[in-house]
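Same order as they appear, the protein sequences are chains W and Z.
With this note's numbering applied, the first sequence corresponds to residues 12 to 106, in that order.
With this note's numbering applied, the second sequence corresponds to residues 17 to 501, in that order.
Simulated from the structure, these hints should not be mistaken for lab results.
Check before you lean on any hint, since a few could be wrong.
To be verified - In silico lysine to aspartate or glutamate, EDC-like type, Cα no more than 16 Å apart, as pairs:
(1) K398(Z) - E61(W)
(2) K24(W) - D338(Z)
(3) K20(W) - D353(Z)
(4) K392(Z) - E54(W)
(5) K398(Z) - E68(W)
(6) K56(W) - D384(Z)
(7) K392(Z) - E61(W)
(8) K341(Z) - E85(W)
(9) K249(Z) - E77(W)
(10) K392(Z) - D58(W)
(11) K72(W) - D250(Z)
(12) K24(W) - E361(Z)
(13) K37(W) - D429(Z)
Keep in mind the model is a prediction, meaning the values are calculated, not measured.
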Amino acid sequence: MSIDLKTIKHISKLARISVDQQRAEKLAGDLNSIFDFIEKLNELKTDNVEPLTSIAETTLKLRSDEVKSKNIREQIIKNSPQNNEDYFVVPKVIE
Amino acid sequence: MSDITKQSLTELVENIKNKKLSSTDVTKAFIDRSEKSEKLNAYITNDFTSALDKAKKFDQKPNLDLKLPGIPMAVKDLFCTKDIKTTAGSKILNNFVPTYESTVTENIWNEGAILLGKLNCDEFAMGSSNETSFFGNVQSPIDKNLVPGGSSGGSASAVAGQLTPVTIGTDTGGSIRQPASFTGIVGLKPTYGSCSRYGIVAFASSLDQAGPMAQNVKDCALLHEVISSYDPKDSTSIDFKRNHYSKELTNNIKGKKIGIPKEYRVDGMPKEIEDLWQKGTQYIKDCGAETIDISLPNTSYALPTYYIVAPAEASSNLARYDGVKYGFRAKGENLIDMYEKTRSEGFGAEVQRRIMIGTYVLSSGYYDAYYLKAQKVRRLIKNDFDEAYKKVDAILTPSTPSSAFKIGEKTNDPVSMYLNDIFTVPVNLAGLPGISIPAGHDAKGYPLGLQIIGKAFDEQNILNIAYAMEEKINFKNKITDWWIK
Chain W
12 MSIDLKTIKH ISKLARISVD QQRAEKLAGD LNSIFDFIEK LNELKTDNVE PLTSIAETTL
72 KLRSDEVKSK NIREQIIKNS PQNNEDYFVV PKVIE
Chain Z
17 MSDITKQSLT ELVENIKNKK LSSTDVTKAF IDRSEKSEKL NAYITNDFTS ALDKAKKFDQ
77 KPNLDLKLPG IPMAVKDLFC TKDIKTTAGS KILNNFVPTY ESTVTENIWN EGAILLGKLN
137 CDEFAMGSSN ETSFFGNVQS PIDKNLVPGG SSGGSASAVA GQLTPVTIGT DTGGSIRQPA
197 SFTGIVGLKP TYGSCSRYGI VAFASSLDQA GPMAQNVKDC ALLHEVISSY DPKDSTSIDF
257 KRNHYSKELT NNIKGKKIGI PKEYRVDGMP KEIEDLWQKG TQYIKDCGAE TIDISLPNTS
317 YALPTYYIVA PAEASSNLAR YDGVKYGFRA KGENLIDMYE KTRSEGFGAE VQRRIMIGTY
377 VLSSGYYDAY YLKAQKVRRL IKNDFDEAYK KVDAILTPST PSSAFKIGEK TNDPVSMYLN
437 DIFTVPVNLA GLPGISIPAG HDAKGYPLGL QIIGKAFDEQ NILNIAYAME EKINFKNKIT
497 DWWIK
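If we strip away everything but chain W, and leave its shape as in the complex, we get (with noise of 0.2 Å):
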């Protein structure tokens, strides 16, 4: 298999990492590379294998619904690059 200029595209799209022209061609090898390497899992015949989802194999603890955190607005906006008062600040989204 081979992905082209325009998978990359799309996928820079989907992660949302803009990737100039030579950044898209730099990662079209290397993701060919990796993915040659990962083919090899299709000599493996897995049809009635069940996934595995998770290595601890335990049901999740339930716990009462309590707050715990109060009043920690300051430290979760602390590291925002631009706030204002209580709220994040993007750029525009509506016009």
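We have chain W already, so just place chain Z on it with the hints.
Then chain Z, alone, in the frame of chain W:
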């Protein structure tokens, strides 16, 4: 007392408890040596001034019942530390100051230890050589221009170079064991669910585990005892009865059955690794244990499986870095443009590569072919271990397929870099504990490690085997202080 930094954690704890040393003496010694060791680039952020304050405060009213009384310690910069910058080795978190503390570091401070600083690592722990860090590569104390391994490269360099008595790293595919092996120290990757993931910058959540790195097995056991705890704040933390690993440590492994998996004898493996492994099996026998040839038939599929599962989880975990809530933000013409530029400028090349792989294998039309397939193979890999553990108590393998390589040697070929983790990755996929111990040197004088893999929650057993072997191996790390002279 001279040569404080040469002492093991166990010796330092004893000397502080017997009042032969104060916390201030010890903290000062490690700060001095760290300051002389800038060339190693092991630290991203230091906290020396407040470390010394804390040490003085400790000495005024020392609580000597604690497990790490007044012991200074630097930690990997993947652990969130309250009010101390935490970067994960990335530009995108270059200005991030957590308002909370990770459970694992909290456990350490609760036992009396003092933070020295935050140690360099591959960006978001993605790398095997510490060359992907935004803060530059780390030098190995073993030799100039040699990689310390990764991703916990700063941690390995700091322990081997005696800038910290012990440290903690994280291990998603080998990030504790491989650098431990490259630098001649001991590194334990605990069972998945043994140490809380709360407050650790997430890479691949079904694989990530924190663990201790130390000069010897006893120190490693003591630190593991401190960091392993059940934590309701991590939904995959497991509530099981934990041992007093250091107290229960014994070199009596008579009658234990140790498996030697034939599939780990990979093509192109240097003869010195094969010889080391042979020597390891002899040591096992000398300790009164038995070795048994076993098969883990799906071993060669572990790395391809890992390179689907880990990037898939990473692409989801790293979606949170959007320039809005915290971290770096680039200017954009609109919201989408801002997201795309922030992530393009904020993430380094390796991280972008892995996000792209992960996004692709999870995207519509490819999910079944890649992600689901990988989850199925992951089951087969786990089944191999389950089957083997019907016959043996633990498994012995080399830690890595080669000794440490030169800086820049593998940066242009991602697949050859990934192959470094060929012996460590299966352990993460199966959620098992694994420990790497230094076991010899290659022709260049670089350290080589052996790995002992255990059953889930059987850390005590692999620590005991490591402890018994350590005594037989009698390894001496060749640290010349080249970076100080």
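Tested hints:
Between the alpha carbons of K398(Z) and E61(W) the distance comes to roughly 12 Å, so the proposed pair stays at or under 16 Å and holds. With a C-alpha separation of about 14 Å, the suggested pairing of K24(W) with D338(Z) holds against the 16 Å cut-off. Only pairs whose Cα atoms come within 16 Å are accepted, and K20(W) paired with D353(Z) is accepted, the gap being roughly 15 Å. Among the hinted pairs, K392(Z) with E54(W) is consistent with the structure: their alpha-carbon atoms are about 13 Å apart, no more than 16 Å.
Using a Cα cut-off of 16 Å, the hinted pair K398(Z) and E68(W) holds, with the two alpha carbons roughly 12 Å apart. For the hint pairing K56(W) with D384(Z), the CA-to-CA distance comes to about 14 Å; that is within 16 Å, so the pair holds. Between K392(Z) and E61(W) the CA atoms are separated by roughly 6 Å; this keeps the pair inside 16 Å, and the hint holds. For the suggested pair K341(Z) and E85(W), the alpha carbons sit about 12 Å apart, so the restraint of at most 16 Å is met.
Under the criterion of a C-alpha separation no larger than 16 Å, the hint pairing K249(Z) with E77(W) is consistent with the structure, at around 13 Å. Restraint check for K392(Z) and D58(W): satisfied, since their Cα atoms lie roughly 9 Å apart, inside the 16 Å limit. Annotation: proposed proximity of K72(W) to D250(Z) holds, straight-line Cα distance about 10 Å (limit 16 Å). Between K24(W) and E361(Z) the alpha-carbon distance is near 15 Å, which keeps this suggested pair within the 16 Å criterion.
Taking the CA atoms of K37(W) and D429(Z), the gap is about 12 Å. The hint holds against a cut of 16 Å.
This entry satisfies every hint, going by the numbered hints stated previously.
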